[in-house]
Every structure is written in C-alpha cells, then in structure tokens.
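What follows is each chain in one-letter form.
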Amino acid sequence: MSDPSSTTRTFLGLPGVPPPTATERGTLRGTRTFPQAARVALADGQLRRNLGHATATIRAKRAAVVGELPDWEALRDAGSAIKTDVMARLPELLEELERNVTAAGGVVHWARDADEANRIVVDLVRAAGVRHGEPVRQVVKVKSMATQEIDLNQALEAAGIQAVETDLAELIVQLGHDTPSHILVPAIHRNRAEIREIFLREMPGVDPGLTDEPRVLAMAAREHLRRTFLSARVAISGANFGVAETGTLGVVESEGNGRMCLTLPDTLITVMGIEKLLPTWRDLEVFLQLLPRSSTGERMNPYTSFWTGVTPGDGPQDVHLVLLDNGRTASLADEVGRQALHCIRCSACLNVCPVYERAGGHAYGSVYPGPIGAVLTPQLAGMHGHGDPVDSLPYASSLCGACFDACPVKIDIPSLLVHLRSRHVEQERRRRRVPTPEAAAMAAAAWVMSSPGRFAAAERATSAGRLLARGGWISTPLPFPLSRWTASRDLPEPPAETFRTWWRRTRGSER
Amino acid sequence: MSPLDARDEVLARIRTALGDRSTAPPPVPREYAVQGAHAPGSAALLDLLAERLVDYRASVRRCAEPDVGATVVAALAARGARRVVVPGGSDVGLLVGWDGEALRDTPQRPLPVATLDTLDGVVTGCAVAIAETGTIALDGSAACGRRAITLVPDYHLVVVRAEQVVGPVPEGLARLDARRPLTLVSGPSATSDIELDRVEGVHGPRTLEVILVHPPG
Chain A
40 MSDPSSTTRT
50 FLGLPGVPPP
60 TATERGTLRG
70 TRTFPQAARV
80 ALADGQLRRN
90 LGHATATIRA
100 KRAAVVGELP
110 DWEALRDAGS
120 AIKTDVMARL
130 PELLEELERN
140 VTAAGGVVHW
150 ARDADEANRI
160 VVDLVRAAGV
170 RHGEPVRQVV
180 KVKSMATQEI
190 DLNQALEAAG
200 IQAVETDLAE
210 LIVQLGHDTP
220 SHILVPAIHR
230 NRAEIREIFL
240 REMPGVDPGL
250 TDEPRVLAMA
260 AREHLRRTFL
270 SARVAISGAN
280 FGVAETGTLG
290 VVESEGNGRM
300 CLTLPDTLIT
310 VMGIEKLLPT
320 WRDLEVFLQL
330 LPRSSTGERM
340 NPYTSFWTGV
350 TPGDGPQDVH
360 LVLLDNGRTA
370 SLADEVGRQA
380 LHCIRCSACL
390 NVCPVYERAG
400 GHAYGSVYPG
410 PIGAVLTPQL
420 AGMHGHGDPV
430 DSLPYASSLC
440 GACFDACPVK
450 IDIPSLLVHL
460 RSRHVEQERR
470 RRRVPTPEAA
480 AMAAAAWVMS
490 SPGRFAAAER
500 ATSAGRLLAR
510 GGWISTPLPF
520 PLSRWTASRD
530 LPEPPAETFR
540 TWWRRTRGSE
550 R
Chain B
8 MSPLDARDEV
18 LARIRTALGD
28 RSTAPPPVPR
38 EYAVQGAHAP
48 GSAALLDLLA
58 ERLVDYRASV
68 RRCAEPDVGA
78 TVVAALAARG
88 ARRVVVPGGS
98 DVGLLVGWDG
108 EALRDTPQRP
118 LPVATLDTLD
128 GVVTGCAVAI
138 AETGTIALDG
148 SAACGRRAIT
158 LVPDYHLVVV
168 RAEQVVGPVP
178 EGLARLDARR
188 PLTLVSGPSA
198 TSDIELDRVE
208 GVHGPRTLEV
218 ILVHPPG
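Going line by line, the protein sequences match chains A and B.
If you're matching positions, the first sequence starts at 40 in this note's numbering and goes up one per residue.
If you're matching positions, the second sequence starts at 8 in this note's numbering and goes up one per residue.
Treat the hints loosely; a few may be bogus.
[As the list claims (entries may be wrong)] Part of the chain A face toward chain B, derived, beta carbon under 7 Å:
| id | residue |
| --- | --- |
| 1 | P58 |
| 2 | D124 |
| 3 | R151 |
| 4 | V224 |
| 5 | G244 |
| 6 | G248 |
| 7 | T250 |
| 8 | V255 |
| 9 | L256 |
| 10 | A257 |
| 11 | A259 |
| 12 | T287 |
| 13 | S293 |
| 14 | T335 |
| 15 | R338 |
| 16 | L371 |
[To be verified] Computed from the model, here is a short list of chain A residues facing chain B with C-beta under 7 Å:
| id | residue |
| --- | --- |
| 17 | L269 |
| 18 | W320 |
| 19 | T343 |
| 20 | T347 |
| 21 | V349 |
| 22 | G352 |
| 23 | Q356 |
| 24 | V487 |
Honestly, the hints are just simulated from the structure, not real lab data.
Cβ coordinates follow ideal geometry from the N, Cα and C atoms, glycine included.
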C-alpha cells in the first residue's frame, strides 16, 4: 500500500475527468418531482398530523438541551472547521484510517459505487458462511443511511440472504413494506396506532392484545428480535464516525440494537461514506456534544459504541470496513457544494423545516429528505434534466434559513440551494437550444425594465389581468408557460391604476 | 494505463476533486469549554451526575467507600437477583455476604451468550463517568468486562467511584483509550422512534442502577 510508485500515480489524480455521480442502483432518485409528490402528501391529513406532532416534540427537546450549553456556538464553529479540514485532507486521512484499521486486525475495502459496495458485502457474508461451514441465510443490521442509500438489503435478498433491520423505526418501515421518510426516525410518518396495526399484521406470534402504548410496542420489538440477536453470526452496520488517528469506528444509538449487532456476531461489516472521517480522537469531544443534542434532543444518547479493528476475546473477530464513494467525490469537486458532505445526519434541519413538516420525507424521493437531502441528493445523484425528479429538489424550499440556524456544523443550506438552482439553470441552458420559459421570461423582463417607455406600457397592460381576478387574487391557472408559476401560487389582483398614473394624478402639479 | 483498482481510483477522484491544495484550511478554533467548573470527583459533580442519571431514568444509590460491598448486596437483594455475572477482574470483596451466585467472565473464559441470557443481572465498575451528560463509560478493562456481559442481562448495576467522575464530555473522552472497545452508557436502553417521544427499555438492559461512592472522609 505504501509502494512509492502507486503513491505517485494516485497523487496525480485523473486530470480533466470529473468524478462521476452515483450509479442508478440505490435510493437517491425518486419517480415523481417534488411538487407532484408533495401535492399528494399535502392531501393526507393523517400524515400532516403525525409529522406536525413529532417535529414539534423534537424541536422543543432540542431547544431545551442546546440551551443548557453556553458554548454551543463555539462547538458549532469547531465542528464546522473540523469538517472543512477533513475535506481538505481527505486522501491522507483515509489512508491513515486504513493503516490503523488494518494494524488493529480489521480489513478495509473500497467501493466506487453502490454496486461495488453491495458486491463486496455479499461476498463477505458468503465467505463468513464458508468459514462456519454453513451458509449464512440471515444477517442483522444496525440502522445505516449508507446501506439504505445503496439498497443493500435488496442486493442481499437477491443473493438469498435476509437482512433483518433491528432499529425500531427501521423495523416498522421494513415490516410495513414501506420506505424511510426521515434520517433519524425513518417511520416518523407513522403514529402509534398505525405501528400497532403493522405489528399485529406482520410480527409472527405477537400478542393479539397489543396496545398502542409506545412502551408496549417497544417491548413487542424486543421479544420479536431477541432470538435473532442471540444467534446472529453476521452483522452489518454503518458508522457515525471513523477516527483516522486511531482507526476507531463509532455508532451512536438508543435502543441497544446497535450494541447487539456490534458485539455478539462473529463477523461485523461496516459500510461508511468516505466523508464520515474525523482526524483525531479528540475531535469526538465536539461531535459527541453536537450530535445527540441536535438529533434526539438528548444530552447524550443512551448508547455509543467505539471499536478499533479486532479485540481478542471481546466482540467480532472478523471485522471489515467498506469505504464508499457513490457520488461523494462528485460533490467534493464542487467547491461550494462540498459543504453538504459535512453533514453528520442529525436531522435537525428536517425537524425545523416548514416544507418538510408539511410535505413529509417521501415527497423528496430520496433516502436523504428535507433540507440537507435537497442539497445532498442532487450532488450525489446528479441532475439529469428532461423532467428528472432530482432536478426539482433544490427548489423544494422557501429559503427561510431555519435549517442553517439548526445545523450543528453550520452548513449554509439556503446558499447551497441557491447555488444548485443556478447550476441547474446553467445545465438546462446548455442542454436546450431554445431557452427555458423561465429564461425567456427573465430576458423579456430585462428588455421591458431597461426602458421607461416599455415599462409604462407593460404596467398598463398588467391592469388587464383584473379581468381574471376574484376577491383580490388571481387563482385561475394561467396558460403555459405562466402556469408554471400559478400552479403553486396565487397572484394578487393587479391594481386598477399603475403607480405612475396615480403619481401623475395626485402629485403631478408638484413636479 | 491499466485500470485502477477501487482504492486507487477513489483516492484519485478525491485528489482530482480537490484540485489545487496549496492553501491549507484555517486552524480549528477550540473556544468551547474543555474543562468544567468543578474538579473531578468534587461533591458538586457527584450531585450533578446523580441528577442527570435520574433524569434519564437510571436509579442511584450513594454510599461511602467502606459500605460499597453492603450497598451492592442491598441493591441485588432489592432487585431480587439470584444469579449475576461479574467481570473476572472485579473486586471479589464486593459480593461478600451475598447468598446468590456470581459467575465470573473473562476474555479467556467467556460465558456463552445463552448463559448470559439466563442471568438476573451484571455488576461492573466503570472507566469514567461524565456528570454533565449522565454518561458512564465502559472500556473492556478488568473492572468493566467484555461488552457482552453488560448487554445481554436485563439489569446492570455499576459502581462509580468519586475519582472517576468528571464534568464535561471533553474531560471524559480525554481519559479514555480509543483503542479499547468502548461503550458509553447514558441511562437504560430507550427509543424515540414512536412519535419522537422517549420511552425506556428496548434491547439493552432495561434497568440501570448506579452506586455512587463518595470519597473517604
């Protein structure tokens, strides 16, 4: 690995070849644009009540525990600077992590994309079966965004391996044949009564007298998974952090399902995005304060596990780390956009977002929903034009800025959204021979507004719009291309008199 | 050029993406508190730790050093525990006078998971306790034991000595060796997955009890 010729070759990079976005395998690209999907979600009163209740609860808890720390802003500044430093030194830090994991008895694998990562994991599970002398038919999983992103469960299933999600919310999603709608609580769109229904329908042997008390539902999940945990031979996890200096990986969780997966099986396979690095162990003193308070609104989450390679006699003895690119380097290539890679997946930006609270996570079509998803997904997956749902994500925001204020690592999400909108407009301009309706309208506006005579004529013409108005608003959809605007907005009724005519009539004599 | 393997290609992509790296990023500002207002082991910190533990539904007993053994036995009796596991390196004296059975577990002679699952609890020490967050750190040392023994039994009784108690998170992490298998425990197992409301008791020990030992004198 430290062969000087290979170092020279990799140092040169691949000039002129921009890093590719994620391959199409995975869960980044939805099938409907955000406005199409949001319209359906907005009509679902139950969904809006569930989301409104859950996000209001978590916002209050977060505010209380953040308020306890007088140095919160200093922690955010440090978190932001550490992540900027990580991105700047990413190649060296990844090599350092690899060296230290390997020295501690772990095995490091690299994956360019989702397919490659899935193949590596499936091969490792099969190899574990060979070592045990009996094929592994089932693996236990700790909640992991990276493995959701690459749709690992589907790849395992295709290989005849059942992946059992052990996080309560992931279990609710899996048993409900559903998809996640939140980074931290994938089943946030379900309330207790719906969860009870799913358990009664899908959990073999569940007590038919199950109530919808959250404590009772949690107990049912414990019973359901207990045998599976105690007999599991292979576990698959993500990682919240990878510490380059020591080769230490960390998982932050609440229920103990993570500890079960990280401790009891013989084989542990961790899939981690290459951006999850921290340079030093000390840096965790910042992130272990920022993350729990921002995500679950707790001073500290119930359980955090750290492991460094293999510990003889304690925990898994066959330990693997799969480092995943899958579009991360494409994002890194955008000097402005790369900030999105600082994300520690706390989900605070989702919980404060007025758009997320109303539309819900499924409307984004990506495994990463909400404000951070709207800036991360287009960069990881690329905006492909021709009505690609991903292209609509940078516009799925009112730019109110609440996400920026809540972000523990100070990702300037509103500026990133604007940046991606301009990237999108630029891409579309290059893609089309004729300008987009929006570009044409802007060009026309520039032409009109650059001449007083033309502007006055346009103002007079606007008054004609009064014919369409009812009760002070034009809510009739206007003909294309104006329908693109009126589809989601009403227009105020134009005034009977323009400002200029009013000025001439009332103050004309003073000139 | 021969096709690059995944490692070389990912590293090459990153270097391409970063482009010119002649200007180093600014140094990391660490203006946050790395030291607490109170000295480790001080009475104020013990009070804070007890308060934060209770806030997250752990129960707390407090005693002086000479009474540790009796307090452990009293806690086990109150729980109705008859068979528990203790790490091989823990202080044997702790369980003197208890009429239950204490099984020893070491990395060299580990108890099977199936056996751990039949036990009534586990008694361990800890590596460090962080008062501000109500966190107890286990590090796989002789006093803490293998990770499995504090996970499978449903009741975890931890002895925390005053000198192990620090204030803020940075002081706690500085005392830990990252290369050991570490578990940070803050209250019993819990979940916020149903309507983002916290309820205690899922897969980890559903009861966490802490014995806080005051300094002598």
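If you take the shortest Cβ to Cβ gap from G244/A to chain B, is it below 7 Å? Given a least distance of 18 Å, the restraint on G244/A is violated.
Restraint satisfaction for G248/A [CB to CB of chain B, less than 7 Å]: With a minimum Cβ separation of about 18 Å from chain B (threshold 7 Å), the hint on G248/A is violated.
Given T343/A as an interface hint, is its Cβ closer than 7 Å to any Cβ of chain B? Since chain B brings a Cβ to about 4 Å from T343/A, closer than 7 Å, the hint holds.
Under the criterion of a CB-CB separation shorter than 7 Å, is V255/A in contact with chain B as hinted? Violated. Min distance 9 Å.
Against chain B, run the beta carbon of L256/A and see if the smallest gap drops under 7 Å. Holds: closest Cβ of chain B sits about 6 Å from L256/A, inside 7 Å.
Taking 7 Å as the limit, does the beta-carbon of G352/A come near enough to a beta-carbon in chain B? holds (3 Å)
Holds or violated: the hint that R151/A contacts chain B, with Cβ atoms closer than 7 Å. With a minimum Cβ separation of about 5 Å from chain B (threshold 7 Å), the hint on R151/A holds.
Against chain B, with CB atoms and a cut of 7 Å, does the hint on V349/A hold up? violated (10 Å)
Regarding the hint that S293/A lies at the interface with chain B, is the smallest CB-CB distance below 7 Å? holds (5 Å)
Against chain B, is L269/A within 7 Å by beta-carbon distance? holds (5 Å)
Taking 7 Å as the limit, does the beta-carbon of V224/A come near enough to a beta-carbon in chain B? OK, holds: V224/A within 7 Å of chain B, min 5 Å.
Would the hint on P58/A stand, with a C-beta cut-off of 7 Å toward chain B? The hint holds - P58/A has a Cβ within 7 Å of chain B, the shortest such distance being about 4 Å.
In summary, the numbered hints that this structure violates are 5, 6, 7, 8, 11, 21, 23 and 24.
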